[in-house]
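Protein chains in written order, with this note's numbering: chain A, 20 to 103; chain B, 20 to 103; chain C, 16 to 164; chain D, 16 to 164.
Note that these hints are calculated values from the structure, not bench results.
Keep in mind that a hint or two might mislead.
Facing chain D, according to a computed beta carbon distance under 10 Å, are these residues of chain C, among others [claimed, not checked]:
(1) Ala30
(2) His40
(3) Val52
(4) Ala104
(5) Arg115
(6) Phe119
(7) Glu123
(8) Lys130
One-sided and incomplete, this derived list gives chain D residues near chain C with beta-carbon spacing under 10 Å [to be verified]:
(9) Ala30
(10) Ala32
(11) Thr36
(12) Gly38
(13) Asp41
(14) Gly43
(15) Val45
(16) Phe48
(17) Ala104
(18) Gly116
(19) Glu123
(20) Met126
(21) Asp127
We put the CB at the ideal spot given by N, CA and C, even for glycine.
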Amino acid sequence: MVDLLYFAWVRERIGSGAERLALPDGLASVADLLDWLATLSPGHAAALADRGAIRVAIDEAFVAADAPIGTPREIAIFPPVTGG
Amino acid sequence: MVDLLYFAWVRERIGSGAERLALPDGLASVADLLDWLATLSPGHAAALADRGAIRVAIDEAFVAADAPIGTPREIAIFPPVTGG
Amino acid sequence: MIATATQAEPFDTGAIAAALTAGRHDVGAVVTFTGHVRADDGLTALVLEHYPAMTDRQMAGIAAEAWARWPLLGGTIIHRYGRLLPGEAIVVVAIASAHRGAAFEAAEFLMDWLKTRAPFWKREEHGNASRWVAAKASDDEAASRWEKP
Amino acid sequence: MIATATQAEPFDTGAIAAALTAGRHDVGAVVTFTGHVRADDGLTALVLEHYPAMTDRQMAGIAAEAWARWPLLGGTIIHRYGRLLPGEAIVVVAIASAHRGAAFEAAEFLMDWLKTRAPFWKREEHGNASRWVAAKASDDEAASRWEKP
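Full structure from sequences and hints, please.
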């Protein structure tokens, strides 16, 4: 089981800030994970429709779309950051 | 008559921070002025010996060695500035 | 070291800067940057959401990077979250060094990195309407100047 | 505009910066630089001599130049003179703008110009000994980057 965290408009579209999921086997990369998540609900699909506007952090570190998933504790999905 | 002002070690070597002088005719440039001033006393000569370390302002504006003297109210002579 | 923190409460930039020089005689330069909420286009509030654990980690990492790159003598970074009104301060970066060049550069570096790497998201409120702020390409460009070859 | 002043008395950087944003909602960035006396090599005091009338004129000119070059919303420059002890603040430059780039650049520009164009001279006291500070080529280089082609 992995904790998925969602922030900003990703959170709003999915309708929840966090969920605990069992990831299916065969997710080789972050891109694969996003493809699978988008099938979970219309909200997930809407949140993840524009992949260019999606950023992912695994265990609190930014990762690229082609990064392997590994066996993380926590995966966060959010828009490009706008702090400062 | 012109007010001459001296600052920092130029002031210390001349032994005074200000003097009012009648400039002789024929001083075409700032360099000519410094040449003449250096003849006034051993202190003036010592203060102005290293021309590369001398800066001049006429009526509160920096001028180059080849600038004309004109008819100023005030001429200031000092080392390179070290504020800030 | 450079201390980092996130908080909902306001901060006092003057006190933060003063603490960096208190009792020491080796600091020659203190640079502070404070970011404030602007009331552009009728903005009535700015709401900052963040990812707390990752923010703490990213800010500590950014601070350590600045400490390694420049000869610094101290620093503080505080980033607020929650609902802020126009005029309120959002973020402060305060840096102490012996000389001004390092203090200026490190402060700019830290702000550029905070803008592009710290997991905060701004939502603008305009009366009853609200919209998420889009990331700016200019911020990515500003941050990219610090990338090592 | 950018206010300029010379004074013997200490100043409060935090209050100076706070005044730049008080009651206004268009300022997004405030940068302050504060220069302090370092006790390098056993320095016991720093004595600043200046040419008051020319200092006022140069500082006003430098401030007007910064105002013309960057989209600024306010600023304050205060330079002290007289005898300062280690740790004391010598100079403050505080700049307000809508965005951080202009505020950082203008503050750096002003410091570089103050170092090379404002008629101040520093004399270091080391106990009973005393020596005038020599101008630094690095300051001239820093200032030259702002020269227009």
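Practice prompt. Against chain C, run the beta carbon of Met126/D and see if the smallest gap drops under 10 Å.
Written response: Holds: closest Cβ of chain C sits about 6 Å from Met126/D, inside 10 Å.
Worksheet item: Would the hint on Asp127/D stand, with a C-beta cut-off of 10 Å toward chain C?
Response: holds, 9 Å
Worksheet item: Was the hint right that Ala104/C lines chain D, CB cutoff 10 Å?
Response: holds, 8 Å
Worksheet item: Taking 10 Å as the limit, does the beta-carbon of Ala32/D come near enough to a beta-carbon in chain C?
Response: holds, 6 Å
Worksheet item: Regarding the hint that Arg115/C lies at the interface with chain D, is the smallest CB-CB distance below 10 Å?
Response: holds, 6 Å
Discussion item. Is the interface hint satisfied for Gly116/D? The criterion is a beta-carbon contact with chain C at less than 10 Å.
Written reply: holds, 7 Å
Discussion item. Let's test the interface hint: is any C-beta of chain C closer than 10 Å to that of Glu123/D?
Written reply: holds, 5 Å
Discussion item. Interface hint check: Lys130/C, Cβ to nearest Cβ on chain D, cutoff 10 Å. Holds or violated?
Written reply: holds, 9 Å
Worksheet item: Should the hint that Gly38/D touches chain C count as held when the rule is a Cβ pair under 10 Å?
Response: holds, 8 Å
Discussion item. Does the closest beta carbon of chain D sit nearer than 10 Å to the beta carbon of His40/C?
Written reply: His40/C check passes; min Cβ-Cβ to chain D is 4 Å, inside 10 Å.
Practice prompt. Mind checking the CB of Phe48/D against every CB in chain C and telling me if the closest is under 10 Å?
Written response: Interface hint status for Phe48/D: holds (5 Å vs cutoff 10 Å).
Discussion item. Please check whether Phe119/C passes as an interface residue: C-beta within 10 Å of a C-beta belonging to chain D.
Written reply: Holds: closest Cβ of chain D sits about 5 Å from Phe119/C, inside 10 Å.
In this structure, none of the earlier numbered hints is contradicted; all agree with it.
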